[in-house]
Amino acid sequence: MPDFGFKLQKDRQIDFDANDRSATRAIIETEPTFRLCIACGTCTACCSAGNFTDFSLRRMITGLKRGNYEGVRAMADQCMLCGKCQMLCPRGVSTRKLVLAIRKHIR
Amino acid sequence: MKKEGKEQLWKDYQKEIADDRYFYVRSCVRQNFFPGSETAFLKILQEELGKDVYEHPCHTTCTGIGYHADVVPFDTAMTVVARQFAIMTESGYHNLVPSCITSFGLYTEILETWKHFPEVEARVREYLYKATKRDFRVPENLAHASDVIYKFRSEIAAKGKFRLVHHETGRPLKVVEHIGCHYAKMFPDKGVGGAEYPYVLTGMIEEWGGEVVDYPERRHCCGFGFRQYLVQANRGYSMSCSHKKFESMEPYAPDLILTNCPGCPMFLDRWQYAISEMEGKTYGGDGQGIPVFTYEELAGLVLGYNPWDLGLQMHQVACEPVLDKMGIPYDAAAKYLDKHGHSLGQPLQPQKLKV
Ligand code: SF4
Ligand code: SF4
Ligand code: SF4
Ligand code: SF4
Numbered sequence: 001m002p003d004f005g006f007k008l009q010k011d012r013q014i015d016f017d018a019n020d021r022s023a024t025r026a027i028i029e030t031e032p033t034f035r036l037c038i039a040c041g042t043c044t045a046c047c048s049a050g051n052f053t054d055f056s057l058r059r060m061i062t063g064l065k066r067g068n069y070e071g072v073r074a075m076a077d078q079c080m081l082c083g084k085c086q087m088l089c090p091r092g093v094s095t096r097k098l099v100l101a102i103r104k105h106i107r
Numbered sequence: 001m002k003k004e005g006k007e008q009l010w011k012d013y014q015k016e017i018a019d020d021r022y023f024y025v026r027s028c029v030r031q032n033f034f035p036g037s038e039t040a041f042l043k044i045l046q047e048e049l050g051k052d053v054y055e056h057p058c059h060t061t062c063t064g065i066g067y068h069a070d071v072v073p074f075d076t077a078m079t080v081v082a083r084q085f086a087i088m089t090e091s092g093y094h095n096l097v098p099s100c101i102t103s104f105g106l107y108t109e110i111l112e113t114w115k116h117f118p119e120v121e122a123r124v125r126e127y128l129y130k131a132t133k134r135d136f137r138v139p140e141n142l143a144h145a146s147d148v149i150y151k152f153r154s155e156i157a158a159k160g161k162f163r164l165v166h167h168e169t170g171r172p173l174k175v176v177e178h179i180g181c182h183y184a185k186m187f188p189d190k191g192v193g194g195a196e197y198p199y200v201l202t203g204m205i206e207e208w209g210g211e212v213v214d215y216p217e218r219r220h221c222c223g224f225g226f227r228q229y230l231v232q233a234n235r236g237y238s239m240s241c242s243h244k245k246f247e248s249m250e251p252y253a254p255d256l257i258l259t260n261c262p263g264c265p266m267f268l269d270r271w272q273y274a275i276s277e278m279e280g281k282t283y284g285g286d287g288q289g290i291p292v293f294t295y296e297e298l299a300g301l302v303l304g305y306n307p308w309d310l311g312l313q314m315h316q317v318a319c320e321p322v323l324d325k326m327g328i329p330y331d332a333a334a335k336y337l338d339k340h341g342h343s344l345g346q347p348l349q350p351q352k353l354k355v
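Here the protein sequences come in this chain order: H and V.
Mind the numbering: the first sequence is residues 1 to 107 in our numbering, read in order.
Mind the numbering: the second sequence is residues 1 to 355 in our numbering, read in order.
In case anyone wonders, no lab produced these hints; they're calculated from the structure.
Mixed in with the good hints, there may be bad ones.
Said to hold, decoys possible - Here are the simulated EDC-like cross-link-like pairs (lysine to aspartate or glutamate), alpha carbons at most 16 Å apart as the crow flies: (1) 352(V) to 279(V); (2) 51(V) to 168(V); (3) 244(V) to 11(H); (4) 7(H) to 112(V); (5) 10(H) to 279(V); (6) 244(V) to 15(H); (7) 10(H) to 247(V); (8) 7(H) to 277(V); (9) 185(V) to 109(V); (10) 15(V) to 189(V); (11) 244(V) to 20(H); (12) 352(V) to 277(V).
To be verified - Ranges of calculated distance between the beta carbons of each label pair, as one might list FRET restraints: (13) 248(V) to 5(H): 25 to 31 Å; (14) 12(H) to 54(V): 46 to 52 Å; (15) 188(V) to 5(H): 46 to 52 Å; (16) 28(V) to 1(H): 30 to 36 Å; (17) 56(V) to 3(H): 42 to 48 Å; (18) 90(H) to 248(V): 37 to 43 Å; (19) 58(V) to 1(H): 43 to 49 Å; (20) 248(V) to 45(H): 37 to 43 Å; (21) 338(V) to 21(H): 42 to 48 Å; (22) 28(V) to 5(H): 23 to 29 Å.
The beta carbon of each residue, even a glycine, is placed where N, CA and C say it ideally should be.
Let's have the full structure, built from the sequences with the hints guiding it.
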């Protein structure tokens, strides 16, 4: 290949058609309240585990909705299952059960 | 949106295009990229349609590339453009037809600026007078050369020898059209069909028998974008834009791409080569690319002009698959011969892209 001095940039478009979201569907089946999340971020704001690390339940949820599972499992493992977020979630998402469902369906 | 609804909307986005007595200004880069296009335009208008088109030997670049690349200040660009208006006025013409989309965008921008800020126009008049002792009238009608071909698309179809259909099966060729950002994204009401439903190329395609491909990234920029291209290290941004379009149009298997901007045919054509070298990927059938044409080249093909006189040997992606589909005869051995029959030299072969 000739040396062009430049290269293609990786596309950062979220392609819902191309992404495989089967694990997300399985998680919704296990924990249907996942659907209620409005991505307000209250869970992340109150999370003790996320206070000192970059762990974020909302970021995990965003990745799941996009079918982008990179790093999701490692994050799910950081949750202490304390349940603080569940008390504050304005939408009644069963966040602890959601974390367990993520651990079950994402390797 | 339903197709009928779209058609109704298109009707609301018409612009006025003068029908004769054009003052034609060339594009500096198009003459290098697609050397047969402007000659074809003049031939079609003057010889086929009997129109009065005048080209003044003293007209210059419009400086649009320098302006959009931030190396030419707006006042300078306006003064250069005012000089074009002055030689148009001196030659007795009122209808300006630029060959270049970026020129068209720049002329439009300048005329709009003067409409809202008459003091800027007065200042530019003074600059021009001080520099050249010339004065000018603003054009009564400003139409891009593609607008003019669009206006006469049915006359061209009537005189045409070939249509955008497969000559054996009668299948309409699938055509991707790309109007270029500077045609209608800056001043939508100055383009046929506006920015959302640009009809200038679509009109030609439909009239000449083809079928327009409506693919998701149809309105995405080709990626020229001046500053992205002018600095070598930035060219990946430019190529990534074209790449996004190719990926998006690929599932529709288009037979060809039709463009009306200097940058668009250049980049949609040449980047297919660069992408094939970098990624090993080609977008046409059988290891070939999707052929890219300017509207003048396509009009010339419809009218039965010799493909090599139209400059199609200058394309990176081989044009032959489209010629074969349309049933246009050509002399393969003459592809790289000049008009006196002397060899122009053979281009190097890409490693992946079949040409
Ligand atoms: S608090 Fe509840 S609704 Fe808000 S982001 Fe967290 S899970 Fe979603
Ligand atoms: S349950 Fe998990 S996510 Fe929720 S606050 Fe506790 S540690 Fe954070
Ligand atoms: S816009 Fe650019 S390419 Fe076109 S004529 Fe002007 S300077 Fe030349
Ligand atoms: S060449 Fe590309 S960047 Fe320039 S106007 Fe055309 S589409 Fe836009």
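Now for the hints, and whether the structure bears them out:
Using a Cα cut-off of 16 Å, the hinted pair residue 352(V) and residue 279(V) holds, with the two alpha carbons roughly 9 Å apart. For the suggested pair residue 51(V) and residue 168(V), the alpha carbons sit about 35 Å apart, so the restraint of at most 16 Å is broken. A distance of roughly 8 Å separates the Cα atoms of residue 244(V) and residue 11(H); the hinted pair therefore holds under the 16 Å criterion. Restraint check for residue 7(H) and residue 112(V): not satisfied, since their Cα atoms lie roughly 38 Å apart, outside the 16 Å limit.
Distance check on the hinted pair: residue 10(H) and residue 279(V) sit about 12 Å apart at the alpha-carbon level, within 16 Å; holds. Taken as a hint, the residue 244(V) and residue 15(H) pair is honoured in the structure, with Cα atoms around 12 Å apart against an allowance of 16 Å. For the given pair, residue 10(H) sits about 13 Å from residue 247(V) by alpha-carbon distance, which is consistent with the 16 Å threshold. Only pairs whose Cα atoms come within 16 Å are accepted, and residue 7(H) paired with residue 277(V) is accepted, the gap being roughly 11 Å.
At roughly 12 Å between alpha-carbon atoms, residue 185(V) and residue 109(V) fall within 16 Å of each other, so this suggested pair holds. For the hint linking residue 15(V) to residue 189(V), the alpha-carbon distance of about 7 Å falls within 16 Å, and the restraint holds. For the suggested pair residue 244(V) and residue 20(H), the alpha carbons sit about 20 Å apart, so the restraint of at most 16 Å is broken. At roughly 6 Å between alpha-carbon atoms, residue 352(V) and residue 277(V) fall within 16 Å of each other, so this suggested pair holds.
For the pair residue 248(V) and residue 5(H), the supplied restraint of 25 to 31 Å holds, since their beta-carbon distance comes to about 26 Å. Here the CB-CB span from residue 12(H) to residue 54(V) is close to 49 Å, well matched to the stated 46 to 52 Å. Between residue 188(V) and residue 5(H) the beta carbons are some 36 Å apart, a value that contradicts the proposed interval 46 to 52 Å. A hinted range of 30 to 36 Å holds for the C-beta pair residue 28(V) and residue 1(H), which are about 31 Å apart.
Between residue 56(V) and residue 3(H) the Cβ separation comes to about 43 Å, which falls inside the hinted range of 42 to 48 Å. One distance hint, 37 to 43 Å for the beta-carbon pair residue 90(H) and residue 248(V), holds here, with the actual separation near 38 Å. Checked against the hint of 43 to 49 Å, the pair residue 58(V) and residue 1(H) passes, with Cβ atoms roughly 45 Å apart. Between residue 248(V) and residue 45(H) the beta carbons are some 38 Å apart, a value that agrees with the proposed interval 37 to 43 Å.
A hinted range of 42 to 48 Å is violated for the C-beta pair residue 338(V) and residue 21(H), which are about 58 Å apart. A C-beta distance of roughly 24 Å is found between residue 28(V) and residue 5(H), which places it inside the suggested range of 23 to 29 Å.
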